[in-house]
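Engineer: First to last, the sequence lines map onto chains A and B. Its first residue numbered 1, the first sequence is counted upward by one per residue in the numbering used here. Its first residue numbered 112, the second sequence is counted upward by one per residue in the numbering used here.
It is worth saying that the hints were derived from the structure and are not from the lab. Treat each hint with caution, since some may be false.
DEER-style ranges, computed between Cβ atoms [claimed, not checked]: (1) B:Ala187 x A:Asn85: 31 to 39 Å; (2) B:Leu135 x A:Glu38: 41 to 49 Å; (3) A:Asn85 x B:Ala133: 24 to 32 Å; (4) B:Asp176 x A:Thr86: 26 to 34 Å; (5) A:Arg111 x B:Asn211: 18 to 26 Å; (6) B:Lys126 x A:Glu30: 44 to 52 Å; (7) A:Thr86 x B:Lys191: 32 to 40 Å; (8) B:Asn211 x A:Asn85: 39 to 47 Å; (9) A:Gln33 x B:Ala128: 42 to 50 Å; (10) A:Asn93 x B:Asn211: 29 to 37 Å; (11) B:Leu135 x A:Thr40: 31 to 39 Å; (12) B:Lys191 x A:Lys92: 23 to 31 Å; (13) A:Val81 x B:Ala133: 21 to 29 Å.
No experiment lies behind these values; they were computed from the predicted model shown. By construction, the Cβ of each residue, glycine as well, lies at the ideal position given by its N, Cα and C atoms.
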Amino acid sequence: MSTIDDDAILKKKLAAWQVDPRIPTGFQREVWQRIAVEETARQASFKFQFIDWVAGLLLTPRYATAIIIAGAFLGIGVAQVGAMNTNSRSMKNLETRYIGTVDPYQHIASR
Amino acid sequence: MIPISTSHHAEAPRKAALVFLAALAAAAVAFCLYYHFATHHVKMMMSRPAGEMDWLRTEFHLTDDQFAKITALHKAYKPKCGVMCQRIMEANANLDRLINDNKNMTPAVEAALKQCAIVQEDCHRAMLGHIYAVGAEMNPPDRDRYLQMMKQWIIEPRLGMNAAVSKPPHD
Numbered sequence: 001m002s003t004i005d006d007d008a009i010l011k012k013k014l015a016a017w018q019v020d021p022r023i024p025t026g027f028q029r030e031v032w033q034r035i036a037v038e039e040t041a042r043q044a045s046f047k048f049q050f051i052d053w054v055a056g057l058l059l060t061p062r063y064a065t066a067i068i069i070a071g072a073f074l075g076i077g078v079a080q081v082g083a084m085n086t087n088s089r090s091m092k093n094l095e096t097r098y099i100g101t102v103d104p105y106q107h108i109a110s111r
Numbered sequence: 112m113i114p115i116s117t118s119h120h121a122e123a124p125r126k127a128a129l130v131f132l133a134a135l136a137a138a139a140v141a142f143c144l145y146y147h148f149a150t151h152h153v154k155m156m157m158s159r160p161a162g163e164m165d166w167l168r169t170e171f172h173l174t175d176d177q178f179a180k181i182t183a184l185h186k187a188y189k190p191k192c193g194v195m196c197q198r199i200m201e202a203n204a205n206l207d208r209l210i211n212d213n214k215n216m217t218p219a220v221e222a223a224l225k226q227c228a229i230v231q232e233d234c235h236r237a238m239l240g241h242i243y244a245v246g247a248e249m250n251p252p253d254r255d256r257y258l259q260m261m262k263q264w265i266i267e268p269r270l271g272m273n274a275a276v277s278k279p280p281h282d
């Protein structure tokens, strides 16, 4: 019985409950102030200063061109090493093929 | 609203990242182009049926005349090499059979061993003759390098009996 009474009281209280959502005065201003403070702190930190510095450099046409050319040269360098390895393996393979045409024992072994 | 915007500060790193991506793209394109052209010649040699002769030409700096003579020598040697392969496999197959059939040394096993040695000697003689003939067509430094490379295939033992026995006869 007491549970039914409790439910009735609760329902009554819930029905009477009214929410008055009032945003404190200057809420928006405070939020933007906090954002501004965070922004200032971010800009002040070494990491972001460094990023900004690098970004500033990269956005200079001279440096942007230089880094793209450097990228191209890096690609060529890596490709040269890779091509040398591939060619070396292929030439060894061709050498073995040639030996197989001259040496009967090697010819039998390679079949 | 207070006009504070983070877009200005975010814009520079974003643009810088684009520059960085452009550099990566340049690296990738340069890699692909260079790799393709640098390996194209050797890949073509690999794909050709007589690519090993192209290899010989490149490796030992053969002129057209030298290459023509060596190709002719090679064509003349090829049937001899085929006959040698046949003799090797027959001698090895005979020795293999005799080893399986006998539990100790018999005159037949000894004869088969001798036959293998004779075949090997004949092979090496024919092969060395061909190597000398090919080397004679080359320039002296290339000839020396060629002989140096080929002599290991004469001197070093490298083929077990089973490898030759298990193969079908040479066509």
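Engineer: State for each hint whether it applies.
Structural biologist: Checked hints:
In this structure the hint that Ala187 (chain B) and Asn85 (chain A) lie 31 to 39 Å apart at CB holds, the actual value being about 36 Å. Evaluation of the 41 to 49 Å hint for Leu135 (chain B) and Glu38 (chain A) yields a failure: the beta carbon distance comes to about 32 Å. In this structure the hint that Asn85 (chain A) and Ala133 (chain B) lie 24 to 32 Å apart at CB holds, the actual value being about 28 Å. The hinted range of 26 to 34 Å is satisfied by Asp176 (chain B) and Thr86 (chain A), whose Cβ atoms lie roughly 31 Å apart.
Distance hint check: the CB atoms of Arg111 (chain A) and Asn211 (chain B) are about 23 Å apart, consistent with the given range 18 to 26 Å. Distance hint check for Lys126 (chain B) and Glu30 (chain A): the Cβ-Cβ separation is about 32 Å, which falls outside the suggested range of 44 to 52 Å. For the pair Thr86 (chain A) and Lys191 (chain B), the beta carbons lie near 34 Å from each other, so the given range of 32 to 40 Å is met. As the Cβ distance of Asn211 (chain B) to Asn85 (chain A) is approximately 45 Å, the hint placing it in 39 to 47 Å holds.
Between Gln33 (chain A) and Ala128 (chain B), the C-beta spacing of about 30 Å breaks the proposed range 42 to 50 Å. Between Asn93 (chain A) and Asn211 (chain B) the beta carbon distance is about 36 Å. The supplied range of 29 to 37 Å therefore holds. For the pair Leu135 (chain B) and Thr40 (chain A), the supplied restraint of 31 to 39 Å holds, since their beta-carbon distance comes to about 33 Å. Taking the beta carbon of each, Lys191 (chain B) and Lys92 (chain A) are about 26 Å apart, inside 23 to 31 Å as hinted.
Against the hinted window of 21 to 29 Å, the Cβ-Cβ separation of Val81 (chain A) and Ala133 (chain B) comes to about 23 Å, which satisfies the hint.
Hint violations for this structure: numbers 2, 6, 9, all remaining hints satisfied.
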